[in-house]
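Undergrad: Protein chains in written order, with my numbering: chain A, 1 to 323; chain B, 1 to 290; chain C, 1 to 325.
Rather than coming from a laboratory, the hints here were simulated on the basis of the structure.
There could be a bad hint or two in this list.
Unchecked claim - 30 Å max Cα-Cα, derived BS3-like pairs, lysine-lysine:
| id | chain 1 | residue 1 | chain 2 | residue 2 |
| --- | --- | --- | --- | --- |
| 1 | A | K108 | A | K80 |
| 2 | C | K273 | A | K108 |
| 3 | C | K322 | A | K263 |
| 4 | A | K80 | A | K119 |
| 5 | A | K63 | B | K120 |
| 6 | A | K263 | C | K245 |
| 7 | B | K120 | A | K23 |
| 8 | C | K175 | C | K89 |
| 9 | C | K35 | A | K263 |
| 10 | A | K80 | B | K120 |
As the list claims (entries may be wrong) - Quick look at which bits of chain C chain A covers, simulated, 3 or more residues with Cβ under 8 Å:
| id | segment |
| --- | --- |
| 11 | 122-135 |
| 12 | 192-201 |
| 13 | 205-216 |
| 14 | 252-263 |
Said to hold, decoys possible - Some, not all, of what chain A presents toward chain B, calculated at C-beta under 10 Å:
| id | residue |
| --- | --- |
| 15 | L24 |
| 16 | G66 |
| 17 | E113 |
| 18 | P114 |
| 19 | A149 |
| 20 | R164 |
Every residue gets a Cβ at the ideal spot worked out from N, C-alpha and C, and that includes glycine.
One letter stands for each residue in the lines below.
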Amino acid sequence: MENNNYMLSVKNLKKYFNTPGGKLHAVDDVTFDIPKGTTLGVVGESGCGKSTLGRTILHLHPKTSGQIIFNGRDISDVSKAELHELRKEMQIIFQDPFSSIDPRMSVKQLIAEPLKIYKLCKSKEEIEEKVRETMDTVGLASRLADSYAHELDGGRRQRIGIGRAIILNPSFIVCDEPVSALDVSIQAQVLNLMMDLQEQRNLTYIFITHNLSVVKHISNDIMVMYLGTAVEKADSAELFRHQYHPYTKALISAIPRVDIDNKSERILIKGEITSPIEPPNACRFAPRCEYATERCHNEFPQLEEVEPGHFVACHRVRELNNL
Amino acid sequence: MAKKDGYKKEKLGQSQFQLAWIRLKENKFALVSLYIICAIILIAIFAPLLAPYDYAAQNYDEILMFPSLKHPFGTDQFGRDIFSRVIYGTRYSITIGLCTMIFSCILGVTLGTIAAYYPKLDNPIMRFLDIFGSIPDMALLMCLVVIMGSNMRNMIIALGLYYTPGYARLARAKVLTLRNEEYVEASIALGASDARILLTHILPNAVAPLIVRFTMATGGSILEAAGLSFIGLGIQPPKPEWGLMISQGRGFLSTNWYYPILPGLCIVLLSYCLNYLGDGLRDALDPRLN
Amino acid sequence: MGENTLLSVEDLVVKYFLRTATCEAVNGVSFTIDKGERVGLVGETGAGKTTTALSILDLVPNPPGRIVSGKIILNGEDIRTKSVAEVRKIRGNDVAMIFQDPMTSLNPVMTVGDQIMEVVRLHNDVSKFEAMDKAKEMLELVGIPGERYLEYPHQFSGGMKQRVLIAMALACNPKLLIADEPTSALDVTIQAQVLDLINGLRERLGMSLLLITHDLGVVAETCDRVMIMYAGSIVESGTIRAVYKNIKHPYTKGLFGSIPRLDIESDRLEPIKGMMPDPSNLPEGCAFCERCPNAIEKCKTERPKLEDIGDGHFVACFNPLKEGA
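This is chain A alone, in the form it adopts within the complex (with noise of 0.2 Å):
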């Protein structure tokens, strides 16, 4: 039953945490594959679980429940040896790029880590080579060798974290929130950086952000999570034609926009993410939505193929988008 074409499917993934107040509820039944050689953005607010997500799929966080199969093969319960050889294979880039480098280090050391932690290279020399060519390919000067992560700016400490993430080859990088921390000249150059990156080499990316042009502009596909719960799924030009959910709606509405001829007119939502600590067991968005009726605050809506490769979750969806 598993297709080969994708890189990694993620089916009913749970994860909760424990908290004095009861169980926090940060990724809840989320369901999604990957086809090789693209990229899902995972969009959302802060708290709405979209790193814990991608951590969980790293193995980062222990799972509650799911299942995860990369490229084939269940890696659900790994042992911890399978998990370090797996680990080549899948890698992740920080946010922040000043708390996500060891400030101790050389932009050299840092970036040969990977190599010395699998004992990839025989000699010095064979490490040297490597790390040079991995700095060229990540676009770093390579006078810049010696220098240490804290005299650098974000750019080029953002720029180290992806030379570590490629330099063991993997196939599979989760993204968090990878240029949120740049400036905008800065950020377009790293996206382009990914980009080409993901051309040459055929990377399939999970890319966690809260900034909708970003994702817009690199995803394939796009998952919109709210409170631990994917509300939207949809290739990446279909999801900013046409939003069915209303929190997706308020969420690229309340983007703004550069071009001042075509406003458009904004869906404010009320109030404020409510807590994720013990959730009832109903639509997570309906406190705040202004369509919400009595099923949503009693039933939990699953995600539903609306359209060809268009997927809400909402009970409302046909009758408020006229489907």
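Guided by the hints, dock chains B and C onto chain A, whose structure is given.
TA: Relative to the frame of chain A, chains B and C by itself:
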């Protein structure tokens, strides 16, 4: 913001320790303290060459002489040259201070790191160490020395055990914070082992506060050692330990003030320099304070 | 300066004197803000936006920073000639500021109501009860129920804290509100709420707004006029329409090229090459020269001045972009 970071201008390729050294060099008092400490260490090493007399040589023709050219610090009730004894005394203070600190630092950091890294062992280790912390320090030291017998080795062990909980707590707190750093998570994601993460990412980043504590506590341990010797539980006569010299000279304070005072000043000088250097190191190692 | 001018900054120069270098944070910035006008100040990290704003309140951290020269004329009077006490009266009363990080700008051990009340009493000679009433009124104004007066900051979410800070800033009816990246730390839907609130309140209270941000979209939706700042200088300014529809400075174009657009399908972004020059080592000529595709020989040796190209549109460039470029 980048422009408030004054160290951007320094040339590339300098590690944080190199930068700390540059900053330390700008702190004149700390630098002078460092020089004095180095000088004292050199004196300790070359004591036989520097001391004009043997520290134990008694000369009953010249007892309790005031400082003069012949005896710069005077002589004691046995006619021994106090200057030579003070010079030899540096050996005891330096040895005790350094050995105590190395012993307690290694033991404390190991225990603290294990406690922080393996939550199951956290409570047993830390609660056991708390026992040490809840006994008055002098009482604890006296008990340990009395049980083990008073000689230099036992005093170092006693002092070392006494300073261990402090290091353990410091190391544990630091490791606990560093464990949650994103770069540690990044290394886990790369597949690094626990040992590698500890040795390459956590401990090197925990070194700064440990260095500061090491420096400051060395001063403290020298004082404690002098205290123990003063009450007769440390170094035994006729060895020229500074605390012991104060103890022996205290009866002569009214008639021969220099006898207890000059060794006392040496203790003050050494521990003051160590404290000042520790302060300087703290500022140099933590650029955020500037 | 015109009758209607509220604030006029003339040739402001601010430097940070650091241990090893002198950072030229703001290099001869001049601009005016009219009464009731909304002005956006856009630039990247280290462009000098925040320093410019802090100068208006004489809040540049000193040392290491110092306003080297320039005039800051508020209501016809130069702030820099005033005493410390007089400036303190201006802060909060005439000019109020809200900061980027709502998490750290509130005192965690005081109730939010008391923090607003404190501001009210600082600038007005009123009794505690009157001040409390005013504080409650301010909370309601920013959309927080007055009953939450007695709650502590940790009981508020990020968006709510920013509302509290806005309430504090507006408690004394300032004539100018400086908002330094007020929504950068917030989620888009909350950002929309807060921007909406700032806009509504500004209209109701008739104050001027100086909005500092790196987001061209936020400016487009909130401001009448925009100033683009790069390496301590304003490189382009004008009405939103003039600047957005007729980009003249290559840097502004680079900024627009760097944002992924929702309205245009594009495969690749066209970012600006390289990085901002080190503010402690600015080139002799135009600071953007090295990254500029349009640079000519003159750019290397001379610094361009902000010049009027008509229609209230100013640009500091020797070789500006042609129409429709």
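Undergrad: Each hint should be assessed against the structure and marked as holding or not.
TA: Verification of the supplied hints:
no., hint, result
1, A:K108 x A:K80, "28 Å, holds"
2, C:K273 x A:K108, "24 Å, holds"
3, C:K322 x A:K263, "26 Å, holds"
4, A:K80 x A:K119, "18 Å, holds"
5, A:K63 x B:K120, "22 Å, holds"
6, A:K263 x C:K245, "14 Å, holds"
7, B:K120 x A:K23, "23 Å, holds"
8, C:K175 x C:K89, "13 Å, holds"
9, C:K35 x A:K263, "26 Å, holds"
10, A:K80 x B:K120, "20 Å, holds"
11, 122-135, "violated (count 0)"
12, 192-201, "holds (count 4)"
13, 205-216, "holds (count 3)"
14, 252-263, "holds (count 10)"
15, L24, "17 Å, violated"
16, G66, "20 Å, violated"
17, E113, "7 Å, holds"
18, P114, "5 Å, holds"
19, A149, "9 Å, holds"
20, R164, "7 Å, holds"
Violation of the numbered hints given earlier is confined to hints 11, 15 and 16; the remaining hints are satisfied by the structure.
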